[in-house]
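In the order they appear, the protein sequences are chains A and B. Following our numbering, the numbering of the first sequence begins with 1 at its first residue and continues without gaps. Following our numbering, the numbering of the second sequence begins with 387 at its first residue and continues without gaps.
In case anyone wonders, no lab produced these hints; they're calculated from the structure. Among the hints, erroneous ones may be present.
Claimed, not checked - Derived coverage of chain B by chain A (criterion: at least 3 residues anywhere in the stretch with Cβ under 8 Å from a Cβ of chain A; other residues may be distant):
hint : region
1    : 498-505
2    : 519-533
3    : 539-552
4    : 601-610
5    : 632-639
Nothing here was measured: the structure is a model prediction, and the numbers come from that model. Backbone N, C-alpha and C fix where the C-beta goes; we use that ideal spot for every residue, glycine too.
Here is how the chains run, residue by residue.
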Amino acid sequence: MITATPRKDLLLMGIFTFAVLTMPIWLAPIGASYPDLLQRFAIFGIFAIGFNILFGLTGYLSFGHAAFLGVGSYTAVWSFKLLSMSVVPAVIFGVITSGLFAVVIGYISLRRSGIYFSILTLAFAQMSYNLAYSVLTPITNGETGLQLSLNDPRTLDSLVGVAATDGIPPTNFFGIEMSGYSGFYFCAILMIIGFYISMRIFRSPFGMMLRAVKSNSNRMSYTGLNMRPYTLTAFVISGMYAGLAGSLMAVTDPLAGAERMQWTASGEVVLMTILGGVGTLIGPVIGAGVIKYFENIFSAINENVLHGIFNFLPDFLEDGVVAILSLFVGEGWHLTLGMLFMLIVVFLPGGIVEGFSRIYARFRNKNNSTDGKADPIGSAKVQPGE
Amino acid sequence: MTNTTNKFKLSRRKLLTSAAAAGAGAAVFSGATPYSFVKGAYAADFRNDPSSQSFIKLGFNVPQTGPYADEGADELRAYQLAVKHLNGEGDGGMLTTMKPSSLKGNGILGKKVEYVTGDTQTKSDAARASAKRMIEKEGVTMFSGGSSSGVAIATQSLAQEMGVIFMCGLTHSNDTTGKDKRRYGFRHFFNAYQSGAALGPVLKDEMGTDRRAYHLTADYTWGWTQEESIKNTTEGLGWETVNTVKTPVGAGDFSQYITPVLNSGADVLILNHYGKDMINSLTQAVQFGLRDKQVNGKNFEIIVPLFSRLMAQGAGENIKGILGTTNWNWALQDAGSQAFVKSFGQEYGFPPSQAAHTCYVQTLLYANACEMAGTFYPPEVIKALEGFEFDGMGNGPTEYRAADHQCFKDVLVVRGNANPSTQFDLLEIVKEVPRAQVEYDPSIFGGELGPYEV
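Work out the full structure, taking the sequences as your base and the hints as a guide.
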């Protein structure tokens, strides 16, 4: 195992920060540089980073993390409705509430491990989804989704005397509107902070303990260690990350819908983490980016666009190419994503990060055959997805 | 990790202090700034102003997956046809029959119409993400679409936030132009209240005043308001409501909801379902033998308050004799409908659905309003649409009411055709209910439109 030195970590942190903050520039050529998608990259990056703290370190595969995402969203929207349009209380309450949820769900689910744990978390998430969807309609507004309205009390805002406007006031961070690029930078900075915390956890004795749980939990218990406080802490931390992501979704777009809690959303974050690289620091962020890119850009390509791209070909060829490719874009984007996922799991069990490491290693070996060990992006140890 | 002499080490304290300092700085800097410091600098400066380019982009955001995908596909066909006609291609469709019309068939205000598409997945979140992509990335000046009221309401409030006009496609909930109405949202389609008002007298004639109704309702805004409207109508006739049960959207299997109907003592089943949900629930209700039953000495009846030809096609034989309402049907004989059916048929080989009709009309109405206003500036376009009265679009004389952005026109009561002459001749028109009978006071639903300028 390659040791992660503080210098390397700082370098990684610096590169990561720089890359995230310049996303609007370097994502422009692939058509992903518009505020909404950038916000999604950051938000789901946070979600995946948090998920990875649980799954990557302890190996506990939670299939219900979307529940915390939803709880965070609902809390944030209620904070906008009842307290203030400022995002500070919304984010704080979102994180706290989902943390409390995580304590309850984690306390029960962590009595089991492996597949039983996954099923328990899945069951809890599905329960939350159904509660939000129909039973708790007065709180969640069911399928329609919870929305702001002009008549919301917003008690804190009226206390400090924010002037009433004609329309619904925008969410703001000390006066800065949280839509567009400012919203993205707010999410991006929180993601960078979240990434830093995650890195510290990875390098801490606590992180080592979590890795020990993953590698051999039997041995851990034979040595007399009670693992549950550790796993529960990891579960709660990752639940709070999910809550943060959920509240940020509400911050950038003040609406909360039950579908955020659906099992597909829980599955999505598992895919993100595996696609990027389980147990690596940067992998989940990359995975989140790839999936969101597919969802938003590939799904928008229609036959017209394809005809536009391939109109240099002779007509009969163009029609053929478009007919085949159109299966994989538009509503067929799931197909493309599925194939990509399959290829990655089969050939790169460590995710995209493993791909990078391999390319880097080959590059190093060709140039100077001294030390072939490569660790360009802090992927101290790449473990295959389980 | 333990290398404390490393000068690169970022201590927790250093991080916290610098973060706090940065935060405080930001707060001081922005504390005195007004909330809308980037907006309204120039009155005519608006989002996605197309005046510097030779084309105008419209966004069509329809469900391509999920329970309403059939409607979504048909809506998209209609949008593409509308764009063709606006650009002066094809036979012009309703451009030739619309009165009054400022459309010239050379695009909108001389700019060629282009379009982008998106998939709402029949989910509010996905729909808003897709709409934001259209607005922020593709730069659309107007967007349209729908097939679910939940989605329509969510995207409509986004339209208001973004300052981009949203022309609702198929959305039938009272809330769209009721408590959730927005200045930037417009609906041509009719609503649940109008369905109830139109259906009432026909139900009275056909089924009498002594009936017991059982509702199965799609569990979201549209289902809720339709159940409420139909319940008010039927209870006004003297019917009793036995039970109302909410079902999830896209449930697929409705047998667990239909079994209790058999022993409930109800003699009418009202299905507040749409799209594939309605096809499934109706098919299963018929399979359970509900229609052959005699309850309380009367024939058991099923009512589907919101009907469409696409659903009738999906439900096949089961649709025969079932009553409902619809916004428009291709069998209408007026000049506007004929022109639209003709050009749609030439293009795609089959007649359009009511979803296609409303989306086509909405696109034309927006284009016409821009021409009337002489600008794309949304507040002016909105003012041109508000209170606009027109004819020749398939529903007779129609008015866009200024108070709630709801169109008022005749409503059709239809019945599943017992002896269809073609595979598309599935609905027979029982009655064209005049506009006066379905009109209501906009204040009954509450809500506020909000400001013109955002």
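Any hints this thing doesn't respect? Which numbers, in order?
Violated hints: none; all satisfied.
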